[in-house]
Every structure is written in structure tokens, then in C-alpha cells.
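Peer 1: The whole structure should be built from the sequences, with the hints applied where relevant.
There are 2 protein chains.
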Amino acid sequence: MANKDTGKKKISESTIRRLSLYYRALSLLEKENYETIASKELAKREKLTPAQVRKDLSFFGSFGTRGLGYPVTELKHRIAKILGIDRIWNIAMVGVGNIGSALVSYKEFQRQGFSIKLIFDNDQRKIGSNHKGLIVSDIKDMPRLLREHNIQMVVLAVPAIVAQYIIDDVVAAGIKAILNFAPINLQVPDDVYLRNENMSMELEYLSFVISNHYKPKN
Amino acid sequence: MANKDTGKKKISESTIRRLSLYYRALSLLEKENYETIASKELAKREKLTPAQVRKDLSFFGSFGTRGLGYPVTELKHRIAKILGIDRIWNIAMVGVGNIGSALVSYKEFQRQGFSIKLIFDNDQRKIGSNHKGLIVSDIKDMPRLLREHNIQMVVLAVPAIVAQYIIDDVVAAGIKAILNFAPINLQVPDDVYLRNENMSMELEYLSFVISNHYKPKN
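Read top to bottom, the protein sequences are chains A and B.
Everything in the first sequence is counted per the numbering used here, starting at 282 for the first residue and increasing by one.
Everything in the second sequence is counted per the numbering used here, starting at 282 for the first residue and increasing by one.
Please keep in mind that the hints were generated in silico from the structure rather than gathered at the bench.
Check each hint, because a few of them may be wrong.
A pair counts as met if it fits within one copy or between any two copies, since identical chains are not told apart.
What the hints assert, rightly or not - In silico lysine to any residue, SDA-like type, Cα no more than 20 Å apart, as pairs: (1) Lys457 to Val490; (2) Lys398 to Ser481; (3) Lys398 to Asn379; (4) Lys457 to Asn493; (5) Lys328 to Arg299; (6) Lys413 to Asn379; (7) Lys413 to Tyr387.
Model, not experiment: these values are computed from the prediction.
Peer 2: Have a look at this one:
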């Protein structure tokens, strides 16, 4: 069903990103008691063209009424379904340093159905301690615990030097989706999806841009 | 000089990203007392092909000796220069919630020359308080303080609903490079460079991928 809706493999990464933004805008509109929203208004809120919004939302088939716009709640639910966020995902956080620890306390994750169920570290001083309501588990027990708790996504916030070693264990435990914060290229099998995110590297990119008066596409 | 080195506008975003990774690898190699490194070995460490590494490093002109490889320290310095990280950047953090607060305490930034000089919030309970050695300033004083402290980059970690309003002030203060964590599309003039980063949206992307058995390029 979802495959049919998304036209599988045809949605670009930037479209998915915009769906995430529309989802947020629609959630807000719902709170403001809007029943319908015109593509023009949604476009204005997201600093996009109305044509772009209509094109993105055409993935959902014929939808919205000329003159009336899109029904807010229904559109929100349809986008949630496409994004797979109409359910709860069980997440494990590996590494409880500055970044890992901040992410654990980031309430937005929980609100959006990304439920951090397990947290791991290799530091004996942290293992067994309570961290925002979760007990830090020993990373040695990770493969077993990931399976036992039916974890579907892993967030990796460990030092670069151990990241490949740890991701190999994560993959061996059957995890197919990983968000990596370590500043290193990691290797995963073809059927595992890995996203990399690193704040220092983002700042280095900005540094490059302003040092070289380089004009990339915004 | 740097413009000449980088061949301006010819370096792709993925090349810049790899330069950041090489820089990290070379810093590590330096600590391990390596004097030279072969493209093959650097490639292996970064899970890339030797041809890719040689191509990336060819931006630096003729460099490295066949059989001996690249001189580690010199290559590291050249990459630092290209990335603009052979200097200190003055950064301001706007918003001291979970994410902003974690970033302030993230020591890697400071080590890499990204020096957080100012932090701002609009919460009266936070203003004036000490946060990891920095006093939280009132966001109302931001335009003046950004100029007075010669801030060159701003990290925005504020709620989506106020983000455009705040970024307008940041831009008016003459800032040309902004890293935004709010999950919203923001508008900036053409001469300002904006990077967006949002962990929830990354998780939503993973959710989309595994919900739809979608196979994007890794």
C-alpha cells in the first residue's frame, strides 16, 4: 500500500525532506484549528512555490479541492503514513557522550514516535547508571539486547576510531537503518541504510564556503 | 591563494566532505607518527578507492611521490588551509535548549578552531546564567553583540516557529554563514550561506526508507 502510494524509488531525497516539513506545518495548522489549507498558503509558510507544493502532494493522487485546498488532518495522516511515522519505532542510542546524551533528552524524538528504548556505552562508570530514565547498558550486551527489544533503528554517537567495529555488530544484529554521528566513512552491506550526520563537518563546510567566497547552491 | 588552490566553484560538496574526512585521518596518522601515507592506505582507512583519493588530492596540484606517498603533516596543513580551518572562527549559538546546550559542551568544536564566543536565549530564567563557562545573553542584544564580538558564523537551535524572525536579525547583523537546526525552510539573501541539519528529519528519512523498502544510494 505504502509502496504503491509512493511510487517506490521515484521520490527524491529532497521530496522526502519537504514531506517532513509539510508534516510539521500541518501539525501546527491542526493546532491552530485550520480545517483546510491552500497550496499557496502552505508554499508561503515553507518558502516554496505553490507549483512545488502541488507537485509534491500529487504523489498522493488526486487530493484537495480547487478553491478549498487540502484537508489538513487527512493530509497530515497521509504524509505520516508515507513517512512511516504513523507508528512507534524502537531506537537504540550507542554512545552516551555529549551528543548521544543530548539526543536522549531531546523530547521531540519521543513525540514523533522515535522511542529510545536502549542506550549503550563502554564506559564502566556510565554502565548501570540512570540517564534520563534509561539505564545505560554495556555495549558488550548490545547484539543480544537489540534483538530482545526489537530495535529497528540505531543512532551511533561513538568516537570515529571504534565506529566501524561497532557498526559491524549493529549490522550483525539485523539492524537495517543507522544514523551515524561519527566523522568517518563506514561500510555497511547493501541492504542496510546508513545516514551520516556530523556537526563539525557542517561547520567545516561553512568555513570552506566563506574562506573561498565559494557560492554553492543554497 | 585559496581560491586558486581550490579552482573555485569546481569542488563538489562531496569532495569537501571527503577533505574533512582526510583531515581527520591525517590528524590521527600524525599522532601515530606516520611521516607519509600512500593513497592506497588512506583509501582503505576511509573505505574509498585509491583512484578517488588521488583525484581528490589532485586539487592540490602535483603532490606526493610515487612509491612514497603523501607527506602527512604537509597534506594535513594544505587541507586545513583549503577548508579554512587553519584559523579560529568566532561562533555564536542562538538557543540554549537540549541541542544548543549539547553543542556548547561539545569539545570537538573548540579543538577544531570553532570557538563559541556567545550564547543567546530569550528565556529570562536562562539569561545571565553561566552555561559551560559562557554567560547566556539576551537575544534582544544579539545584533549589537554579534558585531562587537566579530562573530563570523551562527548556529541556530531555536523553535521552528521563531526561526525566520531570528535568522532575519542574524542576517541584518552581517553574518554570512549559518547552521540551522530548526525543522523549517528559512529564507536568506543570496550572499548568505545556510546549512540545515535536523536529527528528527534524518530519522524520518530512515523511517521512510525502511517502511517503503526503498533503496536509495548509500
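Peer 1: State for each hint whether it applies.
Peer 2: Evaluation of the provided hints:
In this homomeric assembly, Lys457 and Val490 come within 20 Å of each other (Cα to Cα) only across copies, at 10 Å, whereas the closest approach inside a single copy is 34 Å. In the homo-oligomer, the alpha carbons of Lys398 and Ser481 lie at most 20 Å apart only across protomers (16 Å), although the nearest pairing inside one protomer, at 27 Å, exceeds that limit. With identical chains, the CA atoms of Lys398 and Asn379 are at most 20 Å apart both within one copy (19 Å) and between copies (19 Å). For the identical chains of this complex, Lys457 and Asn493 are inter-copy neighbours only, at 13 Å across copies versus 39 Å inside a copy, given an alpha-carbon limit of 20 Å.
With identical chains, the CA atoms of Lys328 and Arg299 are at most 20 Å apart within one copy only, with a shortest distance of 11 Å there and 31 Å across copies. In this assembly of identical chains, the alpha carbons of Lys413 and Asn379 lie at most 20 Å apart whether taken from the same copy (14 Å) or from different copies (12 Å). In this assembly of identical chains, Lys413 and Tyr387 lie within 20 Å of each other by CA distance both inside one copy and across copies; the values are 10 Å within and 19 Å between.
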